[in-house]
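Chemist: Listed below, chain by chain, are the residues.
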Amino acid sequence: MTRTITERAPGRLRQTWGALRGSPSAMTGAVLVALHLVIALAAPLLAPDSPVRNNALETLQSPSLSHLAGTDQYGRDILSRTLYGGRLALSVSLSATVLAVGLGAAVGCLAAYRRGWLDDVVMRVVDAILAVPPVLALLVIVTVLGTDPVVIVLAVTVVYGPGVVRVVRAAALDVVPRDYVTAARARGEGTFSVLLRDIGPNVLDVVLVEFAMRASWVVLLISSLSFLGFGANPPTPDWGLMVSENRSMLAVAPWTSIAPIIALSTLVIGLNMAADGLAKALGVDRAHGGAA
Amino acid sequence: MSRYIARRLLLALVTIWLASLGVFLAVQALPGDVTTQILGQNATRANVAALRAELGLDESPWRRYLDWMSGMLHGDFGSSLVNHASVGAEVGLRLRNTMLLAGVTVVLGVSLALVLGVVAGLYRDRWPDLAISSLSLVGMSMPEFVIATVLVLLFSINIPLFPAVVTAGPDARLGDLLPAIWLPSIALTVVMAAYIIRMLRTSVIDVMASEFVTTARLKGISPARVVLRHALPSALLPTLNVIAMNIAWLVGGVVVVESVFNYPGVGLLTIDAVHNRDLPVIQTIAVLGAATYVLCNLAADLAAMALNPRLRTNRRTA
Amino acid sequence: MTGTQPAPGPLLDVRDLSVAYRSRGGLREIVSGVSLSLDAGQTLGLVGESGCGKSTLAAALLGHLRAGARVTSGEVLVDGESLFAAPPARLRALRGGTVALVPQNAGHALTPTMRVGHQVREVLRVHRGLTGEAADAEAAVLFAQVRLPQPRVLLGRYPHELSGGQQQRVAIAMALAGNPRLLVLDEPTTGLDVVTQAGVLDLLNGIRRELGVAMVLVSHDLGVVSAACDRVAVMYAGRLVERGDTQATYDRPTHPYTRGLVASVPSLAEPGLPAAMPGTPPQPGSDLPGCSFAARCALVEDRCTTGGAPELLLLPPQPEAPSGDGHHSACLRAEEVRALPPEVRETHQRGARVGDTAPVLVSLRDVAVDYRPRRARSQGAPTVAGIDLDIRRGETLALVGESGSGKSTLAWTIAGLRAPSAGTLVLQDGEAGTEDLARPAARRPPGLRKRLQLVFQNADTSLNPRRVVSDALRRPLRVFAQDGAAPLGERVDALLDDVGLDRELGGRLPGQLSGGQRQRVGIARALAAGPDLVLADEVVSALDVSVQASVLRLLDRLRTERGITYLFISHDLAVVRSIADRVAVLYLGRLCEVGDVEAVFSGPNHPYTRMLLDAVLEPGVRPEPGERRPVEEPESAPPEAGCPFQRRCPHALPGTCDSVTPPWRDAEGGHRIRCHLELDVLASTTADTKELEAS
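Protein chains in written order, with numbering that gives the first Met the number 0: chain B, 0 to 291; chain C, 0 to 317; chain R, 0 to 694.
Careful: at least some of the hints might be erroneous.
[As the list claims (entries may be wrong)] Example chain C residues on the side facing chain R (calculated, C-beta under 7 Å, incomplete):
no.	residue
1	G21
2	F23
3	E210
4	T214
5	I220
6	P232
7	S233
8	R309
Note that these hints are calculated values from the structure, not bench results. The model shown is predicted, which means the values in this text are computed figures rather than measured ones. The beta-carbon is built from N, C-alpha and C at its ideal position, and this holds for glycine as well.
With the hints as constraints, model all of the structure from the sequences given.
Modeler: What follows is the structure, encoded as structure tokens:
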């Protein structure tokens with residue numbers, strides 16, 4: 000009997016990790032995101048001051064040794080507020096993205112596999128939700144149900160979920176006609192089993208890249224909400240809210256806005272770089288950009 | 000072909016209707032309604048009831064929806080619950096302003112993005128691409144209010160070129176709005192162009208590596224012709240969708256930028272309407288947004304068909 | 000422009016060319032030290048299996064390398080000019096003007112957004128200075144030259160509006176437009192139906208005669224090369240191992256690899272399973288000491304594995320060999336190999352002959368399957384109709400047809416993945432009665448489901464790329480849980496043993512296995528259920544010919560060991576000849592002919608079967624120049640009434656064949672033909688058709 004041992008190529012996980020490591024931009028992105036996560040978690044340990052304590056004596060001070068980023072109009076230390084500012088945004092964004100992508104992917108795969116009336120209904124609903132301007136929808140929901148973080152998470156899921164459904168469904172439609180899925184069907188395996196074992200693992204690439212991309216959009220959206228006054232409530236430290244509060248003093252005290260701007264931008268840039276790197280490493284075609 | 004368009008239009012109507020229904024249902028659940036906004040917290044119950052009857056808010060939601068739908072089909076979008084002005088007229092005015100802003104942005108942004116995207120794709124991984132890609136990465140990573148704020152800081156405060164906010168009201172003449180339009184437009188252009196550039200770059204790279212481009216090159220024709228006649232038409236196709244989506248977004252969703260610059264457009268009206276629970280206005284804007292989105296989609300698909308002959312024939316043997 | 004005098008010396012001169020690409024481990028060579036030359040008007044076939052570097056070499060003949068690849072030594076001279084040293088403007092003039100490429104997959108190689116006429120005119124403008132009306136006229140002439148119908152009309156079409164055969168001919172016309180002196184064709188007939196393929200090759204021969212263009216034809220198919228090339232060069236692991244006259248190479252190969260290759264091609268003339276070559280080709284770019292074929296060679300000696308790779312050396316000429324470049328071989332024992340008698344094709348024991356008395360396992364009566372959307376069903380005819388077929392226990396029944404013939408559809412219907420729109424399908428269970436097969440698989444009891452299993456064609460998509468191989472075997476074992484017995488792990492190992500795979504491969508991902516190994520896993524997966532009937536859908540069509548032989552042997556062995564019945568679907572008549580007991584021929588979803596394999600292959604035949612048989616390219620057989628085949632186009636929709644073959648049949652009887660369903664005619668021994676013509680007419684049509692076409 001012939002011994003035909005081919006050289007063992009590295010498994011996928013290692014391949015992906017290797018590709019990521021080889022890309023400096025992807026690693027930078029990952030590091031930025033990790034840094035933000037660490038800071039958000041460790042804010043109480045890192046912040047030199049309380050983020051909410053007013054101090055009428057030290058208002059609008061420019062950056063100095065005692066207040067590295069200066070103080071705002073209420074005398075609050077901007078550095079501390081910035082360090083705390085990511086907590087709400089990150090926790091809400093990540094949970095919202097996980098929920099939106101998780102549900103959206105599941106529905107997308109199901110619709111692609113079952114087709115028929117289920118697929119038609121799902122696509123009609125998806126189209127209808129996507130047609131409504133997202134900001135309007137979010138504003139309405141938030142006004143109706145309040146600015147509780149849970150509400151925001153649910154609202155984002157409703158607004159962004161359908162987009163994920165569309166993308167994952169398209170990817171799953173490529174997988175469904177493949178012979179190994181047919182073989183499973185011919186064996187009489189149930190829908191759930193086929194979705195879990197055959198379709199899911201083969202759309203995972205697309206789902207992961209969607210997750211990374213959407214996470215950045217969600218962060219942008221939520222900070223915009225806070226900016227408009229529909230998100231975090233004062234005196235909560237939140238980057239969007241900080242920029243909004245300090246806008247009127249832009250001419251005289253620009254430092255009050257610069258710190259949160261830097262924080263926010265670096266987080267989203269990091270997310271996008273990581274998403275790009277991930278897409279490249281996994282070989283996913285990111286050819287479907289789009290605003291909001 | 001006309002059958003196809005007719006079918007798409009019908010689907011579009013269904014989608015818009017569904018969207019409007021969804022918004023109506025969501026809005027119905029708004030706690031506290033316009034009356035408390037108008038009369039204040041201390042209004043007596045009698046006054047509230049009277050005002051509600053006057054505004055027609057005491058009828059059942061379904062009745063109100065049907066009234067609104069039938070009105071809409073006649074071109075009457077109702078009256079604002081806040082100031083009794085015609086919703087149609089008010090939204091129309093705002094729409095005109097937003098369209099001006101959108102128009103300028105599209106012209107600026109799309110032309111810029113097309114050029115930069117193609118250049119980035121053709122010079123992949125060389126310095127033009129690195130520069131363009133980094134800039135677009137930053138451009139799409141900054142929230143609109145950040146870009147707007149930075150622009151104001153740079154070009155309004157430090158270098159007083161443009162006004163920081165728009166002082167003209169919604170019914171200002173177009174000419175009055177023009178000087179103030181540039182900063183908001185630039186802000187929007189940055190975001191929009193970033194997405195288009197990235198999309199186009201990927202597309203160009205893919206197409207340049209495709210078999211038919213290689214074959215074209217091996218025929219001995221000039222590189223310029225290979226890019227312009229063989230590669231670009233296919234590379235532009237996926238971009239059409241992105242451009243269409245962006246146009247729809249410009250018309251329906253630039254709430255933040257309009258808010259920062261106080262630009263009297265649809266976005267600003269949206270915030271006010273939501274704040275005031277002004278149902279007819281909210282609904283009308285939602286329908287407007289949905290209609291724009293759906294029509295832009297259709298336009299993108301038709302344009303794709305024009306560019307890609309493969310999509311024109313319904314069924315062909317491979 | 001190609002108006003200058005040709006330089007002295009060969010038209011094409013490849014000197015010690017080596018191409019490598021950069022990869023993680025350093026430089027990997029895909030082409031090593033290849034030398035060959037071609038004079039004007041000559042044809043050279045480049046033969047090799049996947050991974051041997053022939054496509055890279057073909058591209059290099061135009062001075063083109065894929066991204067990341069470099070020429071590490073040697074050069075390519077066309078008309079005395081070195082391609083890789085030429086400045087860009089000169090290279091552009093040479094490409095298309097002196098040497099032109101006919102790409103492999105014309106469907107992908109033609110720009111989809113541009114009309115084909117424009118694509119041809121580009122070449123005319125750049126290389127011959129023709130524009131406007133003159134260019135249009137010339138383009139039409141070119142289209143006529145490649146036997147495209149209605150040339151003027153076709154100029155305005157887009158590539159996707161043409162069939163595969165038409166696209167390929169457009170690609171040929173485009174390549175000829177610049178009046179090149181050398182054509183490089185990379186697998187020009189891959190993906191084409193066998194009849195279309197024969198037509199295209201005939202066209203190429205005609206072009207060579209009329210225009211005197213030299214050709215390098217790259218192919219994995221020895222039959223294709225025999226049909227079109229005077230000389231052949233055999234490639235293995237990036238090197239040339241043999242080079243010489245095509246006929247001489249086929250009759251008396253001088254390298255063990257060539258010998259093995261020739262022996263593993265199934266043949267119409269010789270029944271029996273072809274021999275299989277042990278082992279697999281080395282990975283592209285792997286660097287082995289000595290001869291790269293040594294690991295698989297039966298004649299290996301110590302000196303074969305020491306030192307550098309053997310050179311391609313000129314052999315002393317044979318007295319009866321044609322003159323010319325002579326015969327070269329890279330085997331140290333070339334003379335011995337040449338002197339070996341031709342490999343006796345063992346008429347591999349095909350198990351006990353299954354006669355008419357064998358019990359029927361699956362029975363189909365008047366089965367129809369309709370693929371069309373509901374709206375379209377009021378007119379025309381269903382995709383598959385009127386199938387009356389018995390599959391007997393223990394036999395290998397081959398289902399033959401071109402793409403679009405409905406053979407896969409039928410198999411899927413039997414497996415329960417498609418619903419029949421009419422007719423009955425039953426599984427005969429002996430004393431237990433019959434089981435209705437017209438139900439979808441999900442609604443069949445597991446006991447029934449396990450008895451029919453499918454094996455798929457495309458090894459790339461038949462296994463879940465994200466799951467290890469043993470998972471693919473474990474799942475059917477679990478579903479069809481045969482009670483107790485051995486634990487799953489052991490049974491997976493046993494299955495791997497049964498199909499001749501190393502147990503260690505069970506822990507690998509499909510992407511880490513070769514095509515042949517993946518196909519074996521697919522077979523093992525089918526076996527896991529313990530089936531009575533295995534539906535093998537083109538299971539060897541995507542495999543290299545040397546691997547194909549070993550898979551065929553595996554299938555046959557499993558049949559004799561386990562008493563499995565096969566429905567073997569294929570478009571390749573030679574493969575069918577070697578493995579089948581009975582043959583059924585399908586055209587546009589209707590049965591034309593059914594019978595024992597001997598009877599079908601000796602005649603009389605249905606006109607369609609005859610056409611298929613005539614189109615088969617046998618290695619070592621050069622078609623006579625007198626035969627001129629029309630290039631056939633496959634049809635897509637069956638006619639509403641009458642015989643499905645009416646539109647292409649050279650003997651169609653107007654008034655009968657287009658309206659009346661043809662009757663079954665019984666020849667001897669259960670051989671049935673469905674035709675309006677009488678049997679004796681059919682028996683004599685063999686001679687007739689050839690006369691008709693020659694006139």
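Chemist: Give a verdict on every hint.
Modeler: Taking the hints in turn, this is what the structure says about them:
| no. | hint | result |
| --- | --- | --- |
| 1 | G21 | violated, 32 Å |
| 2 | F23 | violated, 36 Å |
| 3 | E210 | holds, 4 Å |
| 4 | T214 | holds, 4 Å |
| 5 | I220 | holds, 5 Å |
| 6 | P232 | holds, 4 Å |
| 7 | S233 | holds, 6 Å |
| 8 | R309 | holds, 5 Å |
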